[in-house]
Structures are given as structure tokens and as C-alpha cells.
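Each chain is listed here by its residues.
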Amino acid sequence: MKKFINDPDDVVREALAGMAAAHPELRVDLDEQIIVRADAPRRGKVGLVSGGGSGHEPLHGGFVGLGMLDAACPGEIFTSPVPDQILAATRAVDGGAGVVHIVKNYTGDVMNFELAAEDAETTVESVLVDDDVAVDGSTWTAGRRGTGATLLVEKIAGALAEEGAPLAAVAAVARDVNERSASFAIALTSGTTPAAGKPGFDLPEDEIEVGVGIHGEPGRAREKLRPARDLAARIVEPILAAKPLEPGSQVIVLVNGLGGTPLLELYVMFNDISRLLADAGVRVVRSLVGNYVTSLDMAGISLTVCRVDDELLRLWDAPVRTPGLRWGA
Amino acid sequence: MKKFINDPDDVVREALAGMAAAHPELRVDLDEQIIVRADAPRRGKVGLVSGGGSGHEPLHGGFVGLGMLDAACPGEIFTSPVPDQILAATRAVDGGAGVVHIVKNYTGDVMNFELAAEDAETTVESVLVDDDVAVDGSTWTAGRRGTGATLLVEKIAGALAEEGAPLAAVAAVARDVNERSASFAIALTSGTTPAAGKPGFDLPEDEIEVGVGIHGEPGRAREKLRPARDLAARIVEPILAAKPLEPGSQVIVLVNGLGGTPLLELYVMFNDISRLLADAGVRVVRSLVGNYVTSLDMAGISLTVCRVDDELLRLWDAPVRTPGLRWGA
Amino acid sequence: MDADLARAWVAAVATSVTEHAAELTDLDAAIGDGDHGVNLRRGFDAVVVALAGFEADTAGAVLTKTGTTLVSKVGGASGPLYGSLFRALGKSLPGEVDAVAFGDGLRAGLDAIVRLGKAAPGDKTMVDALTPAVDAFAAAAPAGFAAAARAASAAAAEGATATTPLQARKGRASYLGERSAGHQDPGATSTALVFAALAAVADA
Amino acid sequence: MDADLARAWVAAVATSVTEHAAELTDLDAAIGDGDHGVNLRRGFDAVVVALAGFEADTAGAVLTKTGTTLVSKVGGASGPLYGSLFRALGKSLPGEVDAVAFGDGLRAGLDAIVRLGKAAPGDKTMVDALTPAVDAFAAAAPAGFAAAARAASAAAAEGATATTPLQARKGRASYLGERSAGHQDPGATSTALVFAALAAVADA
Ligand SMILES: Nc1ncnc2c1ncn2[C@@H]1O[C@H](COP(=O)(O)OP(=O)(O)O)[C@@H](O)[C@H]1O
Ligand SMILES: Nc1ncnc2c1ncn2[C@@H]1O[C@H](COP(=O)(O)OP(=O)(O)O)[C@@H](O)[C@H]1O
Ligand SMILES: [Mg+2]
Ligand SMILES: [Mg+2]
Ligand SMILES: [Mg+2]
Ligand SMILES: [Mg+2]
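So the sequences go chain by chain: A, B, C and D. With full-length UniProt numbering, letter number 62 in the first sequence gets 62, and the count goes up by one each step, no holes. With full-length UniProt numbering, letter number 88 in the second sequence gets 88, and the count goes up by one each step, no holes. With full-length UniProt numbering, letter number 163 in the third sequence gets 163, and the count goes up by one each step, no holes. With full-length UniProt numbering, letter number 159 in the fourth sequence gets 159, and the count goes up by one each step, no holes.
Worth flagging that the hints you see were computed from the coordinates, not collected in a lab. If you're wondering where the values come from, they're calculated on a predicted model, not measured in any experiment. Don't take each hint at face value.
[Claimed, not checked] For lysine to any residue, the following SDA-like pairs were computed, each having C-alpha atoms within a straight-line distance of at most 25 Å: (1) A:Lys224 - A:Val251; (2) B:Lys2 - A:Ala221; (3) C:Lys118 - A:Glu179; (4) D:Lys91 - D:Ala162; (5) A:Lys2 - B:Ala329; (6) A:Lys243 - A:Arg314; (7) B:Lys224 - D:Lys91; (8) A:Lys198 - C:Gly53; (9) B:Lys224 - A:Lys224; (10) C:Lys65 - C:Leu5.
Throw the hints in and build the complete structure from the sequences for me.
Below, the structure is given as C-alpha cells:
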């Protein structure tokens, strides 16, 4: 394994120190391991906190700032944060109007956020993100995973919170965005965690993992590598099957790299994906192509499709100023 | 080789079609293979054109838009564009005030841009970017390569052009930024071009290439892998040696991933790099951390340091609205 | 169990977890995200530090502190789960702890884990090792603490092994569906280590 | 050389470049960016298409068209260089082309490449194969076209081989410094293919 690190145990802390140095406009608390908006807490504003294991950058720390998160608490790599961090973040952003926890649906994340919410001194609304339709949502599993839609939930709920909406409304729009979203991912290679020092799984030169998550875990099935247009169909189909879209539906599309995929290939895939969506009568009104919700250096791609109405679109377009996502400000 | 492609020969064209679909705010001409600002040509505005081989995304196509490039012409992968493309781009952005060609210093790029400039119907100022101090600039080589500083040149010259400055001034500021910049890169792995289908070079598990460019070529030397803080020093030293900085100098710093490096590791490196620069008495006034000038899926990192004065900083901070770089707009 | 034995137990778990960290991580890489060993090592390292500066007269206080530390240092699924186990166990222990009281405490720990994680036996989680261990401890408690610990350890090891053919229904491994079968559950494996450590210190 | 022979030559180059594309690309991967074979194949494929729909009575017109097409389709270093070679060659040819006139044309091509690329012999570029080829062609021209082409081909091949020990001073390979020594230059190698094709069609 070759990585730009000093010690596998120090990666998260040192990266956080790097973020502090690179983004003086944020407040990074190295003791509490949280990243906070410089102007938090804002009196009367609902606070937005998210977090999860590290290794998904720019999610979540890169999404702290105006119009998005008020704070993020990064856990160790692929390990949810601990309640203390979450509590510290909750306190740091509590402006008296309550705090929304945006929690990706993983057993560890759910439990740690739950423990923190129990101890919080303010009203906390927890919003679960579970958009990954590769996992069947039945009681046979821990439920669908939270993946790419997290970015959309954080952006849109962040915009509404920025406007001064009350706790219930911010939580509601976050849940609504999650409900309207579906994601599916394919990996060409596994990523390598600094601690393990070797790829999470090995894949032959002509095979891919289909239906992977963002933690280096194998997917639902191993299949043969195929041309981009076939892989695009392999991704689009389960998404449209899980959350059917009426012809004419407006969607925001996120074509997301899992960390090791060149942007050039993401655009090749976007080309095929957007054609398939057009064939299905779906109108892509906004799109984002890049590495946003990653799995370290995994070569792979995820697609998130979120059906939006004009109000959600307005919130999507609202100004955002974070290290990882920025427009209008 | 596993890639999200249909046919190695079609990658660039399909990615361009993907860009067209993803960025309706740009004008992508699939026949001429150019990406142009929607409002080009703007009467009286100096046009900014850049281009080069593909595989470096978001450079250059991702930097077309308000406050940066007016057009980009992407060549085949790692192959400079042809004169026809460059001419078409030059024509498309010629608002009567002349056009600046921003050319990375590679034999192919220089010759193709030269041929295009000869045939151009407008006044063309060519600006050569050659910031890579890994290559000695003597007559024993083709000269220093153009790498990370290209982003700074395009951003700052783009801001000045946006303000309506005349051709000579835009070219001058572009040359000035190049002159003030130095870059150096290290690779942990080679990238893989779709055409070759295998890595450009093989590296043992404990070795790295030092002084690499952005075309998958081997570097100046092969060395042992070391901790991030040692690699940071290995990068900072030649930069400070080539372009010494007085204590108190203000610099913009770009810590750039070569495509396959997780953002987490870039921040670990930024942490060590910013400490070294602080030790040298240098003041980092702005920084950018991410994958901006890439070499397909190469795992590696480059550092660009550019000494700035207040005017350059003002231009850096000016609004920019492109797919790959955006703020203030 | 007194405070010293509790400390010895926790220290033995810490040593064992460090020794087996790579193995636990490999098991987790196969059907999870490859961090279980790292998580527990980080957690128990922190516990060792925390206990070193912690004055306590009772096993209950030591184990409660252990649980609290795990919750605040581990994260992931195993942090809250193991944290709750030790916290509930510690809190339920009276001043004087005999085998029966300890058995009751273990059951309280199991209940806490199930309350939090909602896993049932057969879901391919640590519950599959913990449940038989708790049962075996209670059943053997009349024979004394050491005997009960030995029985619990054997039962936990057996429970861990028995997770191999199962399809996971909780935690990350459940995402794999049928592909989760054929691998031993990392959390059940670490639970077996916890009881092996208990048996070892109880015997000493 | 008449228009048909010129077409035959260019077609033979196209075939040869396709056959050797992988080899050229591998040579370029070692000391460049691994695209030389792909570049030339793309270029000569385009030339074949362009010439198919192109009416021309003279070798000069055919070769000028070849050069123009290469310039507008190849890119990179080799596009302008080979493009200029064929363009200058084509433009310099009179209506009737004998061996001496062709030899002069080749020299005009070499001059164009050197004007554009500023490489000298020994810099480890295509110039190292082209220069001896042009000299050999001129020297053997009195013996007739086929003999001159054979001599040029042999000289180009030798020139290409002789680039191996050299340290590059132009093009991407120069970035490698001393590490560029020990590898044959891809551009010199493709130049040898161009003259081998010329010898083959001249003999036929
Ligand atoms: N809902 C649950 N109830 C009980 N144990 C669980 C549950 N979910 C997961 N586990 C246990 O946690 C273990 C994984 O722990 P760990 O790898 O540290 O956390 P994470 O899954 O967050 O990476 C699994 O092997 C399993 O035994
Ligand atoms: N300045 C130059 N003059 C002559 N030939 C050159 C020069 N620079 C490079 N070449 C030739 O071009 C070849 C590389 O061509 P190619 O790989 O197609 O272009 P690029 O280097 O742009 O990728 C080299 O092997 C060399 O022979
Ligand atoms: Mg984990
Ligand atoms: Mg090239
Ligand atoms: Mg795990
Ligand atoms: Mg090349």
C-alpha cells in the first residue's frame, strides 16, 4: 500500500489539521474533532449537523459553510463518529432553534447519533438518509445505505435552514429529498484503507462489483466488465425500478466518482446516463459530475437521481459556500 | 485495464458530449471539439483560449466560463489539440480585442498552437506556462513543463480579461503569474491511458517516482516511499530552491491531486506542506486543495506555489463561474 | 469479581484485541468495512489509559468506566454496542460481586445490546456469541466464577464459529445478502475473545 | 514518383503504422507519454480517408494533402512534424518527379521539421532517422528511385537504432534526463517505418 500518510492511526487528525490550515474561513476544533462554520451558532437559525466515517471526502467536512452544514463530525476512517463529537457539534451550532442531525443509515452511525441525541441539551430532529437501492430495504437487512443523496439532503436542507425556516420544516425537507432520491453504485476496484493496508477485496481484470456501498465493502454481485453504455444501463435500471419516474419528471442528477475514477470517465458515463434518462422521458434539470461522496481511492461510480419540484430546485440553486460545493456566493 | 469507457478511440469525444449534457451553460461544439463560453465572443473583451491533451480534467474544459477561459480545445488523451481546433476556438472568442493563447510548454502544444496562431485572423498573444521545476530549464531539455500553475494563470488572466483589460495587459499578467510560480510532483502509481490499457510504468510497492509530469511519464528519479512529512519536504525543497521566497512573501498554494489520490491524503499533505512553508517564513494567503490538474488516475500529488502581490490576490479572488472552479458567482 | 479482577479482565481483553486486530480486521474486510480490529484496539487502548488514572473500589465502577470510554472512543457499530454491554454490566453490579450477580450483570449487558442494536440470535452478529455465553455463564454460576467463565468462553467461541454459514441480517454484512454466508462474523469473534479473556483471568 | 506511387506509399505507411502501433506506443510509454502509435494510426487512417475522396494528378498534390491532413488530425509533437515533412515534400515536388527531385523534396521536408522542432542530430528524435535517410537517398539517387529508397530505408533503420543509447534533448523524453538513455526513440522508429514503406512500394 502506498499512501500520502504519516501513520495510519493519525490520518484523520492530520487531515483535519490540514483542513484547518487550508480553510481559515471554517472553525476546526482539533480536540473535539469537529468542523464548524465560523459564524455558528447563529441565533434563531436551525443548526445542521452531519458526520460519519472519514474516507468520503469532501463529504461531510467539505460541505460545512453558508447554505449547507453548520458542523460536521468526521469519525475514523469508515467508522462513525462517537457521541462526544456529535454532541460537541450539536452544542456548537445550537442557536436556540433546534438542531437537525443528518444521519446516513448505517448501524454505527444510527446508534452513535442516537446516543448523542439522547444527551443533547437542545431539540434534535434526526433525519435518516437511505437512498442506496442496491440494498433491499426489507427487515432482512440493516436497511438501505445512505450514499450520494446525502449531498442533496445537506444542500437543500441547508438552504432552507439558511432562510430561517423552523426545525420541523428543515427536517421535513431533508426527509422529503431523501424520499425522492435513489442511488446505485458500481466499482472497478476496491479502495484501500490506511489501517488495512491492502484492498478490501480483489477483483480480476475483467470483473466489477455491482451495487457497492461507500465503505470498500463488496457489492451485491460480481459481474463482467462491460462498455460504459451497458454499465450506465445497469445503474439506471434499478434506480428507475425502485423509484419510478413519470415521463416529464424533473430530476437533479449526481454522477459521482468514488475517488479513483478520472473525471473524464465520469463525463463519458454522464453522456450515456443522460441519454438513458432522456429516453425514459425524464428531464435532467441540474447535474453535478465529480468526486463528492467517495470511498477513498475506489475506482467506481455512483448515480443519484432526485425528483424535484420548483421549490426544491430553488433551494438547490440557492447560494452555497463550502470547500466542496460552492455557487452564488 | 478497467475503465468506464466504450471505445478507447471515442473517450474524448464522448466525454465532450457528456460535458455538453452536464453543462448547458457552456457551448460545446462536438464537430470542432471545443468548449466555449455561452456569451462568447464578447465585443471588446480579450479572448482567453487554452487547451492541451485530455486526461487532465477539470483542466482545461472545466475552467471555461465567467472570469476564466473563454474557450478550451481538448486534444486526444495526452496529445495536444490540432491547429484546426485551436483556430476554431480562437475564432469563437475573438471579440475584436485579440486573443491570448495559454500554452503549456510541451513540444506538441507549442507547435500546434504556433501553427494555429500563424493562421489566426486576429492578434494572438501566446503565453507559455512552464512552472515544473523538476525539469531543468537548460537547453538540454525541451524546457520546464507546464503543470499546476496553468490553473493560476488561467484564473488570474481570466479575471483581468473579464474586467476589460487590453491584450498586452492580459498577456503580461499571465506571464507574470507563470514567472512567479513553481511546481513539483510525486507519483505513487502510474496512470493508465485507455489506449495503452496498462500503466505507463510499474512501480514496486515501496517506491515512488519523484519529479513526474502530468502525462504518465516516469519522473526524474525513483526513490523509496516515505512518510507524508518527508515527501512534503521532498516537494517543498526544490520549489523553494528554484524560486526562493523572502520571508514574509505572500503565496497562493495549490495542493493538487493527480487523479487517483483521495482528498483525505491531500489534506494530510497540506498539513505538512503548510507547516514547512510557515517554517520558511512564507505566508499562505490562499490555498486550493483538490484534483484540478490531473493525470488520469495517477496516484500522486503536485504542489504549486505562486508568490502574489495584492493586485494578483484581488484578481484571484474575483468571481469565477466554471464547472471546475467557482466562487463569488 | 472485585475491582482488581475487573481491571485484569479489561487489560487482558486489550492485549487480546491488539494481538488479534489484524484477524478481526480481515474478517471485517470480507463482509464489512475492514475496521473492526482497529476500532476495538483503539477503544481498549483508550480504556487502559482511562483506567490507569481512575480510582475505583468496585468492579462495577471499573466496568462502567470501561463502557463509557468505549462509547466515546470507538465509534462505528461496535463502540456503542460494546460500550453499552460494559456500561450496563458495570451499572448492574452490586458492591460485592459473586458469580450469580455477575451472570445477571452479563444478561443486563446483553439486553442493552439488543435494545440498541435490535439483533436477534441468528442475525450473524455479536449477539450470536454473547447470547450462549450469557446463558452458559448463568447455568454454570453455581459452580463458581471460574467455572462459569470457562463455560461462557466455550459457548462464545462456539457461537462465533456458528455464525459462519449464516446470512447476515444486521450490520454492514447484511448488505451483502447471500454473499455474507461463509464468513465468520467479526463482532461475534471479538466477543469470543472477551470471554476467553474473562476465563483466563478468572482462572489465574 | 507519380500520384499512384505516392498513394501507394502513403497507404503502405498507413498499414505499417497500424501494424506497429502497439510497439510505437510501448516505446513512447517508456520515455514519453505512450501515445505515438495511437497518434500516427489516427493520422494515417484519416489520410487514407482524405485521399480516397481526393482527385490529384501529381505526387506533389497527394503528399501535400497527406501533410495537411496529418497536421489537422494528429496533434501532439508528431502531427505538426510529420505533417510539415509531407507538406514541404509535396509542395517542393515538380510535376514530373525523378529520384533527384524527390531527394530534394525530402531535404525540404527535413528542413521544415528542423525549422519547427529545432532538433539537431543526436537529440534523440525522428531527426536522427530522417537526416541519414535523406542523405542516403540523395547519395543513391543517381542509381534510380528504388535503389535510393532502399538506401534511405536502411539508413533510417540504422539511425533509429542508434538513438537507443542517446540522452534525449528534445521532446518529452528530455524530461527524463539520463533515464531516457537505453530506449529507442519512438519518432525515429516510425520514421524508419515510413522509409521502409517507401522502399517496399518503390520495389514493387
Ligand atoms: N445491530 C447489531 N446488533 C448487534 N451487533 C451488531 C449489529 N450491527 C453490527 N453488529 C456487530 O458489529 C460488528 C462490526 O463492528 P465494527 O466493524 O467495529 O463496526 P462497523 O460495522 O460500524 O464498521 C459486526 O461484526 C457485528 O457483530
Ligand atoms: N523538437 C522535436 N523535433 C523533432 N522531433 C521531435 C521533437 N520533439 C519530439 N519529437 C519526436 O516526436 C516523437 C513523439 O511523438 P508523439 O508521441 O506522437 O508526440 P508527443 O510527444 O506530443 O506525445 C518523439 O519520439 C520524437 O521523435
Ligand atoms: Mg466501520
Ligand atoms: Mg502525446
Ligand atoms: Mg467494520
Ligand atoms: Mg507521445
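For each hint, the structure was consulted:
1. A:Lys224 - A:Val251: violated (30 Å)
2. B:Lys2 - A:Ala221: holds (17 Å)
3. C:Lys118 - A:Glu179: holds (24 Å)
4. D:Lys91 - D:Ala162: It is violated: about 30 Å lies between the C-alpha atoms, which goes past 25 Å.
5. A:Lys2 - B:Ala329: violated (38 Å)
6. A:Lys243 - A:Arg314: The hint holds at about 22 Å.
7. B:Lys224 - D:Lys91: Distance ~54 Å between Lys224 (chain B) and Lys91 (chain D) Cα, so the pair is violated.
8. A:Lys198 - C:Gly53: violated (37 Å)
9. B:Lys224 - A:Lys224: violated (36 Å)
10. C:Lys65 - C:Leu5: holds (14 Å)
Checked against the numbered hints given earlier, this structure breaks hints 1, 4, 5, 7, 8 and 9; the rest are met.
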